[in-house]
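Visitor: The residues making up each chain are set out below.
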Amino acid sequence: MTSPLEQKKIKVTGPVVVTANRVGDGAVIYRLTEGWTTELGGAVIAIDGASAQRLMAGAVADDLGAVGAYVAPVKLLPGGHVRPGNLRELIRLGGPTIELPTAAAKVLEKNPA
Amino acid sequence: MYVYDAFDRTLVTERVAEFRDQVARRLSGELTEEEFKPLRLMNGVYLQLHAYMLRTAIPYGTLSSEQMRMLAHVARKYDRGYGHFTTRQNIQYHWIKLAELPDAMADLASVGMHGMQTSGNCVRNITTDQWAGVAPDEIEDPRLWAELIRQHVTLHPEFSFMPRKFKIAVGTSAHDRAALRIHDLALQMHRNEAGETGFEVMAGGGLGRTPFLAQTIKPFLGKRDVLSYVEAVLRTYNQFGRRDNIYKARVKILVHDLGPEAFAKEVDAEWQNIKEGSLALDDAIVGEISSRFSYPRYETLTDNSREFVAARKVDRRFDTWIGNSVANHKTPGYAIVTLSLKPEGGTPGDATAEQMDAIADLADRYSFGEIRVGHEQNLVLPHVAQRDLQAVWRALDGIGVAVPNVNLVSDIISCPGLDYCSLANARSIPIAQEITRRFHNLDLQRDLGRLHINISGCINACGHHHVGHIGILGVEKNGEEFYQITLGGKADENAQLGSLIGPAVPYGQVADVVEDIAAAYLELRQRPDELFIDTVKRTGVEPFRERVYAAR
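Chain order of the listed sequences is A and B.
For the first sequence, my numbering begins at 15 and goes up steadily by one.
For the second sequence, my numbering begins at 691 and goes up steadily by one.
What the hints contain is simulated information worked out from the structure, not anything from laboratory work.
Any given hint could be a false lead.
[Said to hold, decoys possible] EDC-like mimics (lysine to aspartate or glutamate), calculated; alpha carbons at most 16 Å apart, straight line: (1) LYS908/B to GLU830/B; (2) LYS908/B to ASP973/B; (3) LYS23/A to ASP62/A; (4) LYS913/B to GLU890/B; (5) LYS1020/B to GLU1213/B; (6) LYS1227/B to GLU1170/B; (7) LYS727/B to ASP39/A; (8) LYS1227/B to GLU1213/B; (9) LYS727/B to ASP77/A; (10) LYS767/B to ASP39/A; (11) LYS727/B to ASP711/B; (12) LYS787/B to ASP39/A.
The model shown is predicted, which means the values in this text are computed figures rather than measured ones.
Take these sequences, add in the hints, and give me the full structure.
Guide: Shown next as structure tokens:
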């Protein structure tokens, strides 16, 4: 079945990437022309609706490799650096903004109270 | 607790084999995601922001120490060394790989655990009071009834494709510790004038986008009729629940739209057809399930032995913990111990694999091998002899689960929020963490008294913010995190939805707002022992609103 996203026209208001989760382990991935990368810096960036649509079509067709593909905003910084365009994408890329319990537990192990 | 028989074990083992095959076919491309998604959801496998999430069922919040050790093992082997206990008495793992899920599930199945029906449009984990079976004020153990219903609705073909999820809670104490009235269906046990025990049936509760409290549809249902009546409710929902609009698909919308009387009539019409059929519970069936529940062989002890009283006098920290975290037990000489999973600066409800292992060991030594999970995201050792309390306390203190903050302001209920959850609009955990830091002073916490804060990172309300004394709901405004604050919610037998106190406040101010609310309470209360929630009831939210928004 074709995804509804393929049929709807995608509007972009700034640079975007297509992102999804890897099927095998759920890791966050970003669309290349062919295939995926876990590095945001290597992702293909679309700057208009048509190119975003093409990226999405390729992403959605890769049902074996990726699940839940969607268009996500990015920020382009001087020097060619790409950063996530909102807090959700920041968290997807960088992980939870909190210390995981095991990290705290390890610190306690090293420095018992 | 309930001991699996051969049938139960086979069911869980076969389920793992079935899922293993489904995963293999997904990974080979034989199954598309669209085909696979409903299958994985029915096993509690979600896709979240960073990874898959596995929600493992802990039926009515009861765990054996063996099961707790397996939860620790899964956390260590397949996840990042910790798990999260949820507001529905389940556990979640946030870093699971799909390819490894069948092995994780096989490990869980070896101790009778699974994720069946922890997601999907089916009947979810049936919850109850974490003090079930040991609370002095209960009529009888609610878990028998929860187990009866659980067996009936598991893999029930008629109720595997309902309009939406369906959550059931059972309670047998006058004091509702299981938040019955925010459930789709709740059974509250009563004793009638003739001395018979039966259930008040309430339907149509639920939070989220359109919160409602459950309403009574049958004041007194005989025990014999529990299964047939629940079946009739589910059939009525299946028949009339909306499938055209996901936001109007829960039974609470149906009960609200029809009105409880009309809904009750529909249920009754169906029930009359089936109540004398095979679902009528005779003593043999109830006895069969009941016989699989094992109970501790308590010693004959007395309350408040001289040694215990003396120990409390000598050790102030121990005494404080007793006063906060230990509750009376129905059996003399025993106690109910709450383990706080709300350390300062921690994530509410999280426990490391090391903590889980240690708790399992303590359960074996001091609690007849049994542990409970509460919807408040704390754990319980339900069968501790008073004479062992000091040893237990020292051990719990050593693993960081003896902070005497149970029911106090830092005992926060919080969903995982945007740090983990793909549904979230805003973060919840850092908000909780900052609040606990502001209220670091336990003397202040004790002065404030019972004060329930509930935090949800989105309108789905998994943190139950609507029924918090202070409710905090994260929203997104122009790319920034903002939080709506409500006051006056209650989750118990006098359940009530909270009232919004004003415009949403930004992320950086939420902890300040909570401090302002606490300060306002200290000024407004008539006596030191007037509870926060009672002060709010008496004064209304206006004085709090003024205080919070005066400088904002």
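Visitor: Given the hinted pair LYS727/B and ASP711/B, is their Cα-Cα distance within 16 Å?
Guide: holds, 14 Å
Visitor: Quick one, are LYS913/B and GLU890/B close enough, alpha carbons at most 16 Å?
Guide: Judged against 16 Å, a Cα distance of about 11 Å means the pair holds.
Visitor: Decide if the proposed pair is consistent with the structure: LYS908/B and GLU830/B, CA atoms, cutoff 16 Å inclusive.
Guide: Roughly 20 Å separates the two Cα atoms, so the pair is violated.
Visitor: Between LYS1227/B and GLU1213/B, does the CA-CA distance stay at or below 16 Å?
Guide: The given pair, whose Cα atoms are some 15 Å apart, holds under the 16 Å limit.
Visitor: Going straight from one Cα to the other, do LYS767/B and ASP39/A come out at no more than 16 Å?
Guide: holds, 14 Å
Visitor: Holds or violated: LYS1020/B with GLU1213/B, Cα cutoff 16 Å?
Guide: The hint is violated at about 38 Å.
Visitor: Does the alpha-carbon distance linking LYS787/B and ASP39/A stay inside the 16 Å limit?
Guide: The hint holds at about 4 Å.
Visitor: Given the hinted pair LYS908/B and ASP973/B, is their Cα-Cα distance within 16 Å?
Guide: Violated, because 23 Å separates the two Cα atoms, which is more than 16 Å.
Visitor: LYS727/B and ASP39/A: Cα distance at most 16 Å?
Guide: This hinted pair holds, its Cα atoms lying about 15 Å apart.
Visitor: Between the alpha carbons of LYS727/B and ASP77/A, is the straight-line distance 16 Å or under?
Guide: holds, 12 Å
Visitor: Check whether the Cα positions of LYS1227/B and GLU1170/B lie no farther apart than 16 Å.
Guide: violated, 32 Å
Visitor: Does ASP62/A lie within 16 Å of LYS23/A when you go C-alpha to C-alpha?
Guide: Status holds; Cα separation ~11 Å.
Violated hints for the displayed structure, listed by number in ascending order: 1, 2, 5, 6.
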